[in-house]
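Guided by the hints, dock chain L onto chain W, whose structure is given.
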Amino acid sequence: MTLVLSAGGTTAVTDTPNAPAPTSTVSPQLVGFLSIVHDAGGLLGGYLITNSWGRPVEFRLTTAVSPNKVQQILYGPTLTEYLHADLIGKALVEKASVVPGLIVVDALPALALRSRVDVPVVAVVPRGNEVLLASGAEEYVSLANPRSPAGVVLPAKFAADRELIEKRLEAVDPAVDLSEPFLRVREAVAEARKLGVTARAA
Amino acid sequence: MQPELAPVSREAQPSEEAPALGVASRLTDDRDLFDVLDFPLDLRADVYPHPRFERTLAATVKDVRLLGQAPWVRSAGKLELAIQSEGYKFPAPPAELERPAKPAMEREPAPGKHVIDLPALPDGEEPPKKKLIRPLPTADTVVFKDRLLYLLQPPLDGLFDGRQLAVPFEPFPYQLEGIAFLMPRHAALLADEMGLGKTAQAILSLRLLFHQGIIRKGLLVAPKPLIHNWCRELKLWAPDLPFEVFPSDPELRRQTWYVSNCPLKLINYEALSRDAETAADPNLFFDVVLLDEAQRIKNPGSKTADAVLGLHRARSWALSGTPVENRPEDLANIFAFVEPGRVPPDASPKDLARLTNGMILRRTKDIVQSDMPPRLMRDLDLDLSPGQKYTYEKAEKEGIVHLNSLGETITVQHVFQLVMRLKQICNFDPLTGESAKLERLVSDMEEVAASGQKAIVFSQWVEPLATIAAALEKFNPLQYHGRIPQAERTPILDRFKADPNAHVILMSYGTGSVGLNLQFTNYVFLFDRWWNPAIEDQAINRAHRVGQKRPVTVTRFLCTNTIEARIADVLEAKRKVFNDLICQADKPSSMGLSESEIFGLFDITARPKRG
Chain W
1 MTLVLSAGGT TAVTDTPNAP APTSTVSPQL VGFLSIVHDA GGLLGGYLIT NSWGRPVEFR
61 LTTAVSPNKV QQILYGPTLT EYLHADLIGK ALVEKASVVP GLIVVDALPA LALRSRVDVP
121 VVAVVPRGNE VLLASGAEEY VSLANPRSPA GVVLPAKFAA DRELIEKRLE AVDPAVDLSE
181 PFLRVREAVA EARKLGVTAR AA
Chain L
1001 MQPELAPVSR EAQPSEEAPA LGVASRLTDD RDLFDVLDFP LDLRADVYPH PRFERTLAAT
1061 VKDVRLLGQA PWVRSAGKLE LAIQSEGYKF PAPPAELERP AKPAMEREPA PGKHVIDLPA
1121 LPDGEEPPKK KLIRPLPTAD TVVFKDRLLY LLQPPLDGLF DGRQLAVPFE PFPYQLEGIA
1181 FLMPRHAALL ADEMGLGKTA QAILSLRLLF HQGIIRKGLL VAPKPLIHNW CRELKLWAPD
1241 LPFEVFPSDP ELRRQTWYVS NCPLKLINYE ALSRDAETAA DPNLFFDVVL LDEAQRIKNP
1301 GSKTADAVLG LHRARSWALS GTPVENRPED LANIFAFVEP GRVPPDASPK DLARLTNGMI
1361 LRRTKDIVQS DMPPRLMRDL DLDLSPGQKY TYEKAEKEGI VHLNSLGETI TVQHVFQLVM
1421 RLKQICNFDP LTGESAKLER LVSDMEEVAA SGQKAIVFSQ WVEPLATIAA ALEKFNPLQY
1481 HGRIPQAERT PILDRFKADP NAHVILMSYG TGSVGLNLQF TNYVFLFDRW WNPAIEDQAI
1541 NRAHRVGQKR PVTVTRFLCT NTIEARIADV LEAKRKVFND LICQADKPSS MGLSESEIFG
1601 LFDITARPKR G
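These protein sequence lines map, in sequence, to chains W and L. Going left to right, the first sequence walks through residues 1 to 202 as my numbering numbers them. Going left to right, the second sequence walks through residues 1001 to 1611 as my numbering numbers them.
Extracted from the complex, chain W is given alone in its bound form (with noise of 0.2 Å):
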């Protein structure tokens, strides 16, 4: 691992092929924002830790995957749930120097990384989504926070950490809204191929 540091400014930390994983212990107020988004490139994954009133501590960011013909066909159906939780939500929890109390995803596929991490994780529901979220009603647990208007869901079967996510989504700053980091991160993994970053990570 690679420490680079800037005075005032943000620290680039650079990971290098089979490091090993940060040991942290886990910051219940801190929340972490998972977004896998698709481009051109592939699939890649933005992962902004925030406090808990949205000021950013960590960010990092993937470099896109793009799954071959065959690739598609040996994974078949599991490629996604492996692409979104597997591949790239686990590697960018691992990778994160600090633990978040809870982790939000925006997209369905993503809550499959409750099973490879020990942090509770939910998905903001975007609006619109409610036919999708009906279409897999016993896979997921619904939660209304008034942090999320749409409200939040977790995978039922880790329908036990209903408590513990309800009590960190309360510690949170009540004008957060946790669907708009993920336009933060967006934004800046745009920022970032355009700039060649993304290509720099691999």
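None of these hints come from the bench; they were simulated from the model. Glycine is no exception: its CB is placed at the ideal position from the N, C-alpha and C atoms. It cannot be assumed that every hint is accurate.
[Unchecked claim] What follows is a list of derived Cβ distance ranges for each label pair: (1) L/E1270 with W/P146: 48 to 54 Å; (2) W/P28 with L/D1140: 35 to 41 Å; (3) L/F1053 with W/P77: 41 to 47 Å.
[Claimed, not checked] Covered by chain W, per the in silico footprint, the following chain L stretches (three or more residues, Cβ under 8 Å): (4) 1080-1090; (5) 1148-1158.
This is chain L only, laid out in the frame that chain W set:
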């Protein structure tokens, strides 16, 4: 085993042994024909293992070379999916600013009837989403990690709605835009028109940067009379931000420069000029230096300008409602601080806009607040009282004769002295004490007080203020000018705001025209006119500023057929051009009166000798 031979007999019984190869059966059938001899023939075969057959069979596969190579076979490629990631950690704020101060608890409702805002019933349509206001990286921020510093900051909209940061009231959207302008910039001039809240915008920008850990040391330079005002505003807009004012004692000041760890330090221009050598010490470095009333450094080479330019800093922010107070060069001189080397001292006015592009934010009340109460200008032309008129005509006649007698030795100061003398007579007749303006002011103040309102009276001189105060005794006048000790000034303003019986405050342009928030007053009287319309505007904008709920009536007293009317004509012509100072390329060379214009005020033939 070898077969045993035995003799053949006719009576021989058929052998139990099976005949070999069918021959025996035929022999049996033909028994009668032949003598059959029993011949024990045993042809059993024994099987013996052979090493060759003990080996298991194995097929050897050999690639056909032709089919293992392109283009006959295409590789399936890498089956494993892999990514790499890159991370950025954000600076941590100092421990004391880790958590913002929580807004004050809401007061318990008083007993009695209350009006309750009922929530609006849903009408099925979502309200249109507001565009979020966020500090964005500037075009000259090219390194990705530096751009991230601002890209990933939360929008400003939610920060000041009373839930996260304690603020007296939620800033207006244009103020949030001002904060979003200042925060990411290392070189910036906030040139909003007076009264739009530059102070609040600057304080909130500093507060957020301190909270984010982006800055840790700041220096604020302001005119001495405004330091108290800054302290008050800092307590109001950034109660969680520790600050310290440089003391007047030189030794204590030295400690403040070198020893104090206070995040934000406040110093006035005069003290900074005296400490110029210390301030220029390279060991003293500030993450941000903020200049209030930045036009104070408009004169290059002055002690003030040199002291300010000598400060070692990462961010240079300037605040000024009148960045071009007199000449376009004023702006170039302010930019010598904002971004040294960007604007050459000899830059033409036409180039200024291009050179300063993206670094100046200028808003006027017309642009940002169409719903702000209007400013009603009332020019009150008054005739001099008989006594004043006699004194005035006599003084002017004698003055002109005197000026002409000076011939080539005349200077602009001679003319200036006469102007001042005549203006003072327009205020008060020195012989009789008569004053047409004061009579009218007393009459107007009756109306102001009767309606429970408050007024500000501005004059160029301090002496007339005492006379005016005596005449306005029943309105409990307060005085605020250069002769009032610093320590007493803030209490005077507080009393003016709080005391319902104090209907009027008398101010000199020099002390009261900048940095004060008196938006609870609705009347402004300009007892006499200043030389520069920008200063008059500053004075008027003490009352006509953000937070003002009612129209502000500005009364400009003017004695007809006097020097005041002549000066007003010249200034009015300039004011039209002045309004476009920042955005117009063809700026006037001066906003005040030039030497030739001062000479032109009188019908005199004498002119100074040149060369």
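The hints, checked one at a time:
1. Distance hint check: the CB atoms of L/E1270 and W/P146 are about 53 Å apart, consistent with the given range 48 to 54 Å.
2. At roughly 39 Å, the beta-carbon separation of W/P28 and L/D1140 lies within the given 35 to 41 Å, and the hint holds.
3. Take L/F1053 and W/P77: their Cβ atoms lie about 52 Å apart, and the range 41 to 47 Å is violated.
4. Judged by the Cβ-Cβ criterion of 8 Å, the segment 1080-1090 of chain L is covered by chain W as claimed, because 10 of its residues qualify and three suffice.
5. With 8 residues carrying a beta carbon less than 8 Å from a beta carbon of chain W, the segment 1148-1158 of chain L meets the three-residue requirement, and the given coverage holds.
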